[in-house]
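The task is to assemble the complex, starting from two chains supplied on their own in separate frames and drawing on the hints.
Protein chains in written order, with full-length UniProt numbering: chain B, 1 to 184; chain S, 1 to 95.
Since the hints were made in silico from the structure, they are not lab data.
Glycine is no exception: its CB is placed at the ideal position from the N, C-alpha and C atoms.
Be a bit skeptical, because a hint or two may be false.
To be verified - What follows is a list of derived Cβ distance ranges for each label pair:
#1 33(S) x 114(B): 31 to 39 Å
#2 58(B) x 74(S): 41 to 49 Å
#3 60(S) x 126(B): 32 to 40 Å
#4 64(S) x 23(B): 24 to 32 Å
#5 61(S) x 110(B): 36 to 44 Å
#6 129(B) x 92(S): 24 to 32 Å
#7 114(B) x 3(S): 30 to 38 Å
#8 173(B) x 43(S): 37 to 45 Å
#9 41(S) x 145(B): 32 to 40 Å
#10 73(B) x 48(S): 38 to 46 Å
#11 77(B) x 43(S): 28 to 36 Å
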Amino acid sequence: MESNRGAEDPLAALAAADDARQRLTTGLRLPVGFYPALAGGVAVQVGAAAYGIAAQTVTGVAVALAGAAVFLGVAAFLLHRFSRTNGVRVDGLASQVVLVAGARASLAYLGALAVGIVAAFQSVWWLVAVASVAAGIGCALGARHWWRAYRHDPAAHEGGASPRTLGLLAVAACLGCAVLLVLG
Amino acid sequence: MAGLDPLIHAPARLQLVTALSAVSEAEFATLRSALEVSDSVLSKHVSALVEAGYVRSRKSVHAGRRTTWVSLTPAGRRALHDHVAALRRLIDAVQ
Chain B
1 MESNRGAEDP LAALAAADDA RQRLTTGLRL PVGFYPALAG GVAVQVGAAA
51 YGIAAQTVTG VAVALAGAAV FLGVAAFLLH RFSRTNGVRV DGLASQVVLV
101 AGARASLAYL GALAVGIVAA FQSVWWLVAV ASVAAGIGCA LGARHWWRAY
151 RHDPAAHEGG ASPRTLGLLA VAACLGCAVL LVLG
Chain S
1 MAGLDPLIHA PARLQLVTAL SAVSEAEFAT LRSALEVSDS VLSKHVSALV
51 EAGYVRSRKS VHAGRRTTWV SLTPAGRRAL HDHVAALRRL IDAVQ
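Same shape as in the complex, but just chain S (with noise of 0.2 Å):
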């Protein structure tokens, strides 16, 4: 399947990756309830990404609280939009 990301073909890093496309930047536990995941699943999937070089996190303190926030890297956004692109010609190639 030409054009298509290994990295985020898998539907959940697609929905996270998608998820993280409509804002700049989000906590850890935000993206935990919008994909419906548990900490490990999401953690895992973002460690995967970030290694790739499509997410970036980063630690935060607020009111004494450890955060994460993760954010969608240019590159990131730019694989996004190739393997959206790649499904829907497939999607058109089908119908």
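Extracted from the complex, chain B is given alone in its bound form (with noise of 0.2 Å):
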């Protein structure tokens, strides 16, 4: 690395600079187990919404918020042994996980919370947990997806909200949740 061999020849820099980030980047592992936790902790947050909407109470709130408070355990969980597991901290990899960013992912997310508030007006359980499930099936592949996409080409995918605006977020979901607590 200390050689200046690579000043000299531009291939040679590019190419080097290519094999340490590629040094860095394939010995990232995601943490074991991550998938199904993370698939658990969308479902619970999702069936808990759809109770929670549904009942339109002090409780059905309370049940809400408890399901997002799961949801944001795991996935803080889960980000916290990615970075410790790895010793880096990768944004794109946290938007996935708490914001459920991406296409596929964020559509499989609504349309399964839409299906699990409209069973759970209709008292469908059944229908709420299959939604559950779904909702959790569909961001974990969301995330599996993305994960494929950051290991072919991690310069690109690397981006997205940094854990103060996650923090941000999640503390302006529990205050909304607290305040539709309170009024109710």
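Given below as structure tokens:
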């Protein structure tokens, strides 16, 4: 690395830089059980939200808030494990996990949430459960799709919301639910 | 060589900023392993790039152990993009 040969030869300099980036990213690993844990967290959140919205009671809002707390706890744990295991932070991964970024994952999440809410209003609880699981699987598949794209071209996919932004969004969401709880 | 950035033209610095472009933030020890350099060499380059505003570093403590996290700033990301473009132009011109 200390050789100056690369500075004289642009091709060698670029190749060495790409090698360094590859050495950093090829060793990155998702924590064990990452996808099932993410799917479980999303499923709990969607199920709780569907119940809470349909119930339209203080208890319902509290359940929805608890579901969101479970999901945020799982997401924070997974991202912390990833960071501790690999010695890097990747904001793109955090956005995938917390914000369900990505068209397909967002569509799966919103579609399943809508089905879950309608089913909860009709008290069709088995369908709420199915929609919750579908949302979890959709988000996990979305995260897997992003991870593969990131491994293929890390520089193009590493970007995302910073931890500070995600923290502010989480606080805002929880405050919104708390306001609903108080007003309800 | 028009467009080349002297601050990241040295191979060691180019490797450092290129590696950082793949992540949002990396631990000092992780970078040291990826770049296969000593603590002092990496520390010297990080300090120079921090001074230039291309890199940001922050201290953290985990399980009682002090760690340093390093990340590329938007200015550093732009500089890398421009420098790599200039290198590619140079390669094209030669070929």
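Against the structure, the hints come out as follows:
1. 33(S) x 114(B): 31 to 39 Å: violated, 46 Å
2. 58(B) x 74(S): 41 to 49 Å: The hint (41 to 49 Å, Cβ to Cβ) holds, given that residue 58(B) and residue 74(S) are roughly 45 Å apart.
3. 60(S) x 126(B): 32 to 40 Å: violated, 47 Å
4. 64(S) x 23(B): 24 to 32 Å: holds, 29 Å
5. 61(S) x 110(B): 36 to 44 Å: holds, 40 Å
6. 129(B) x 92(S): 24 to 32 Å: Given range 24 to 32 Å: violated, Cβ gap about 58 Å.
7. 114(B) x 3(S): 30 to 38 Å: violated, 51 Å
8. 173(B) x 43(S): 37 to 45 Å: holds, 40 Å
9. 41(S) x 145(B): 32 to 40 Å: holds, 38 Å
10. 73(B) x 48(S): 38 to 46 Å: holds, 41 Å
11. 77(B) x 43(S): 28 to 36 Å: holds, 32 Å
Taken one by one, the earlier hints fail for this structure at numbers 1, 3, 6 and 7, listed in ascending order.
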